[in-house]
Structures are given as C-alpha cells and as structure tokens.
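A.B. asks: First to last, the protein sequences are chains A and B. Its first residue numbered 0, the first sequence is counted upward by one per residue in numbering that gives the first Met the number 0. Its first residue numbered 0, the second sequence is counted upward by one per residue in numbering that gives the first Met the number 0.
Watch out, some of these pointers could steer you wrong.
It does not matter which identical chain is used: a pair holds within one copy or between any two.
Each computed EDC-like pair below joins lysine to aspartate or glutamate, with the alpha-carbon atoms no more than 16 Å apart [as the list claims (entries may be wrong)]:
hint, residue 1, residue 2
1, K194, E243
2, K26, E234
3, K194, E112
4, K26, D197
5, K178, D38
6, K26, D6
7, K178, E29
8, K194, E166
9, K178, D52
10, K178, E166
11, K194, D6
12, K26, D97
13, K194, E167
14, K178, D101
15, K26, D238
FYI, nobody ran anything at the bench for these hints, they're computed from the structure. Quick caveat, the model's predicted, so the values are computed rather than measured.
2 protein chains.
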Amino acid sequence: MSAPRGDHLVGILGGMGPAATAAFYAKLVERTPATRDQDHLRVAIWADPTVPDRVGAVLGTGGADPYPAMLAGARHLRALGTTLAVMPCHTAHAFLPDLVRDSGLRFLDMVAETVGQLERTGTSFGGGGGGGGGGGGVGLLGTRATLATGLYQRRLHDARFAVVLPEEPAQVQVDLAIKKVKQGDPVAAGLHLGKAIDAMTERNPSPIVLACTELPLAARYLPEGGTATLLDPTEVLADRVVQECWD
Amino acid sequence: MSAPRGDHLVGILGGMGPAATAAFYAKLVERTPATRDQDHLRVAIWADPTVPDRVGAVLGTGGADPYPAMLAGARHLRALGTTLAVMPCHTAHAFLPDLVRDSGLRFLDMVAETVGQLERTGTSFGGGGGGGGGGGGVGLLGTRATLATGLYQRRLHDARFAVVLPEEPAQVQVDLAIKKVKQGDPVAAGLHLGKAIDAMTERNPSPIVLACTELPLAARYLPEGGTATLLDPTEVLADRVVQECWD
Chain A
0 MSAPRGDHLV GILGGMGPAA TAAFYAKLVE RTPATRDQDH LRVAIWADPT VPDRVGAVLG
60 TGGADPYPAM LAGARHLRAL GTTLAVMPCH TAHAFLPDLV RDSGLRFLDM VAETVGQLER
120 TGTSFGGGGG GGGGGGGVGL LGTRATLATG LYQRRLHDAR FAVVLPEEPA QVQVDLAIKK
180 VKQGDPVAAG LHLGKAIDAM TERNPSPIVL ACTELPLAAR YLPEGGTATL LDPTEVLADR
240 VVQECWD
Chain B
0 MSAPRGDHLV GILGGMGPAA TAAFYAKLVE RTPATRDQDH LRVAIWADPT VPDRVGAVLG
60 TGGADPYPAM LAGARHLRAL GTTLAVMPCH TAHAFLPDLV RDSGLRFLDM VAETVGQLER
120 TGTSFGGGGG GGGGGGGVGL LGTRATLATG LYQRRLHDAR FAVVLPEEPA QVQVDLAIKK
180 VKQGDPVAAG LHLGKAIDAM TERNPSPIVL ACTELPLAAR YLPEGGTATL LDPTEVLADR
240 VVQECWD
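Throw the hints in and build the complete structure from the sequences for me.
C.D. replies: Encoded structure:
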C-alpha cells in the first residue's frame with residue numbers, strides 16, 4: 000500500500016449510535032497509513048440518530064420501522080458519489096441485504112469481515128477453525144437483536160468456530176453497557192461490560208467479539224485486571240476499508 | 000434545553016484535517032445532552048482531505064487553490080439539506096465569507112464564536128476586556144496562515160483583548176505539533192505543543208487559544224506539569240451548535 004486511490008469515496012451510514020460513528024471515523028483515520036491530509040481517504044458520513052430503534056424492530060417488539068430512514072441515508076450517500084459504504088452498527092446489519100438491493104451501494108459487511116478476520120488469524124487467538132477459537136470457542140457480546148438474528152452465529156458455525164453466547168445475567172450487563180454509552184457515560188458502561196466479560200470468561204472463550212459498536216467505547220473503561228482477549232469489529236472494518244481503497 | 004429541533008441538519012465541512020474532524024464530531028456528540036440515540040442531532044459530514052493545502056494558499060506561497068474543492072463540499076452539504084454548517088479548520092476560515100456567499104449555507108464562524116466566548120467568560124480567565132484576558136492578554140497558537148490573516152487578532156482587538164503571538168521559535172514548535180498530528184503521531188505533537196506553550200507562558204497570556212483544530216489533539220499528550228489555561232475553539236463551536244439546535 001503506497002497511496003490512496005483518489006476515485007474512492009467512503010460512505011459511512013452512521014448515527015446508530017452517534018458516538019460509535021464518531022469512534023469508527025476516528026479509527027479509520029488513525030489506521031490509514033497517511034502522512035499528510037491529502038493522502039487520507041475522502042469520506043462522507045450520514046449520521047441520522049433519529050432512525051427508530053433497531054433492536055425493537057428486529058425483535059418484533061414494536062416501534063416504528065427504522066428501514067425507510069436507513070434507506071434514505073444510503074441513498075444520500077449514493078447521491079454523493081460513494082463508492083464503498085460501511086455501516087458501523089451490528090444490529091442494523093439485519094437490514095443489510097435489503098439496503099444493498101434498494102440503494103445499489105456496495106457495502107462491506109462488518110459481520111462477514113469480522114468472521115473472515117477470525118478465520119485468517121484464528122491461531123493468534125489460540126485456536127482457529129475446527130472446534131473454536133480458544134478452549135471454549137468464540138465469545139459473542141451484542142444486542143439481543145444481533146444475537147437473535149443469528150448473523151454472527153451462522154457465519155461462525157460455517158467457519159467451524161464454536162460460539163459462546165452470554166447467559167441472561169451477562170446479557171443484562173451488556174444491555175446496560177450499551178445503554179450507558181448511548182447516555183454519554185462510558186465509565187459506567189465499562190463497569191457493566193466488565194461484569195459481562197467476567198461471566199463469559201468462566202467458559203473460556205477467546206476472543207470475545209464486541210459485536211455492538213457501543214461496546215468498544217465501554218471497553219476503554221474496563222476495570223483493570225481482566226485478561227480476556229477482545230476483538231473489535233470496527234477495527235477490522237476500518238482496516239478492510241483502508242485495504243480496499245489503497246493501492 | 001430539553002429536546003433537539005428535528006428539522007435541523009448539522010453539516011460539517013471537514014477533512015481539514017481528518018483527525019480534527021473526527022474529534023470535532025466526537026465532541027459534538029459528547030456535549031449534546033441526549034440520553035438516547037434519537038435525541039442526538041442529525042449530522043452530515045463531508046470530509047475531503049484531498050483539498051489542497053490551505054496554509055500555502057493563504058500565505059500565497061504557491062500550490063493549488065483549495066477553494067473550489069471547499070465550495071464543492073459546501074454545496075454537497077447544502078444539497079443534503081444542511082440547515083447549519085460548521086468548518087472545524089481555522090485556516091480555512093479565511094475563505095468563510097466566500098463560502099457563505101457562494102454556497103448559501105448558514106455557517107457558525109468558529110473564530111467569532113471563540114472570541115464571543117472570551118467576551119462572555121473573560122473574568123473566568125482572570126481578565127476580560129479592557130486590557131487582555133490574564134495579565135498578559137490572550138495567547139494565540141495556530142498556523143502561520145491563520146495568524147497572517149489576522150482573523151483572530153482583529154476580533155480580539157475589537158473586544159479590547161491584548162493578544163500575545165508566538166515568537167519564531169515557538170511558531171516552529173506549533174508547526175511541528177500540527178504536522179505530527181496530521182502524521183498520526185499525537186504523542187510527538189504533544190511534546191512540540193508543550194514547548195510552544197512554555198515559550199508563551201513567559202509572557203503570561205491567559206487563556207492560550209488553540210487556534211488550529213489539530214492542536215487540541217496534541218494537547219491530550221502535553222507533558223505533565225504545565226499550568227497554562229487553554230481554550231479549545233472546537234469545544235466552543237460544538238457547544239454553540241447544540242445551543243442553536245436545541246429548544
């Protein structure tokens with residue numbers, strides 16, 4: 000990689016939530032091997048946090064349909080000339096096939112890219128395919144909606160990884176961690192995420208995938224002393240964007 | 000303030016530089032008093048880091064004209080429905096009157112807002128109008144271009160603040176701090192900024208305005224022990240956006 004391809008415009012369909020979008024954009028900038036402004040990637044961000052709740056829509060527990068607003072955002076990004084789109088929200092990936100079909104945008108799929116990364120680097124996590132990452136398989140923390148869709152589980156199973164899902168008390172802590180990040184309190188979020196990870200590590204998964212884009216923000220404030228190996232899909236996605244857009 | 004006005008779309012004309020844009024967006028999110036995604040502001044970001052160098056253009060030292068690319072970005076933001084625009088780059092504010100005229104966008108002027116904040120809170124910096132902020136006036140650190148335009152100096156003088164500008168050795172350190180942030184090395188940038196601030200504090204300015212949007216990123220890595228009071232115009236701008244967009 001030596002220079003960006005100037006014809007690329009990276010479109011970020013964001014706002015779900017906004018802090019996660021800002022953190023993703025910062026990661027994309029940090030992970031771009033540029034040494035001056037002009038070598039960085041052209042980026043357009045559409046961040047509409049007023050998109051109705053994705054979790055409720057996916058779980059069918061009511062609320063307005065978020066899809067029309069998501070599609071409107073994708074169409075804005077397309078009109079701007081986006082050549083490669085990403086959506087730093089796992090729950091919203093339930094709508095990704097529809098978004099691709101209806102917007103005509105090319106998206107990198109964060110779930111597929113993360114599982115692909117696990118397949119490529121499985122051994123660095125002490126495992127690999129054929130029975131799981133670490134001794135207990137790959138851990139998965141996300142919203143109830145992301146877990147309910149099975150998007151990660153299907154791909155992980157196809158790649159022959161065993162999957163460790165949180166039990167109810169840990170999921171409650173994950174829900175609180177996500178909520179606290181969205182409330183602007185990442186410190187409290189870190190405490191909740193720490194409890195969820197502690198509950199998971201009894202079953203020895205490695206790595207634990209932070210499959211909600213709010214969770215890496217909580218992970219900055221984890222209590223000291225934890226030894227779990229975490230995987231941040233937004234880092235994987237940012238690296239893949241750079242790989243796609245640099246020659 | 001109790002809720003955002005749903006009709007607002009905040010447009011960020013960014014990419015100058017990209018890390019500063021990401022940091023500004025993160026500050027806007029952090030400083031919005033929302034407790035759930037749906038209460039955050041709708042934001043569109045056009046971040047084209049390939050805009051030619053603004054410093055060279057303002058100083059007339061050669062290079063391509065950055066204005067056409069800046070105007071194209073402003074027009075993209077307008078086409079998306081932007082109701083309030085900001086540009087987190089001080090040097091580019093030399094082009095702000097032209098941008099307002101040619102794009103038809105309403106911009107908040109970061110320089111004017113920062114001086115306005117100094118006028119409102121002058122006493123909290125130990126001074127106020129009528130002779131300067133602290134004992135030695137208001138310090139100003141930015142690119143050579145920002146200082147050459149006199150944008151800040153004129154407004155500060157109009158508000159009866161004395162202005163302390165860096166001498167050449169301190170300006171060299173500021174230039175290096177900005178360059179290091181753009182190179183993705185904020186730790187080295189912090190060391191350079193620390194040297195610039197040390198050189199300034201001999202003349203006792205308070206506060207020192209970080210009048211380049213890369214400098215607050217360097218300030219996160221200042222050596223310990225400094226006592227200078229710093230003012231970050233991107234925080235002022237983020238707060239003003241929230242004030243404008245909330246009822």
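A.B. asks: Hint compliance check: list the failing hint numbers for this structure, sorted ascending.
C.D. replies: As far as the earlier hints go, 1, 3, 4, 6, 10, 11, 12 and 14 are violated by this structure, in ascending order.
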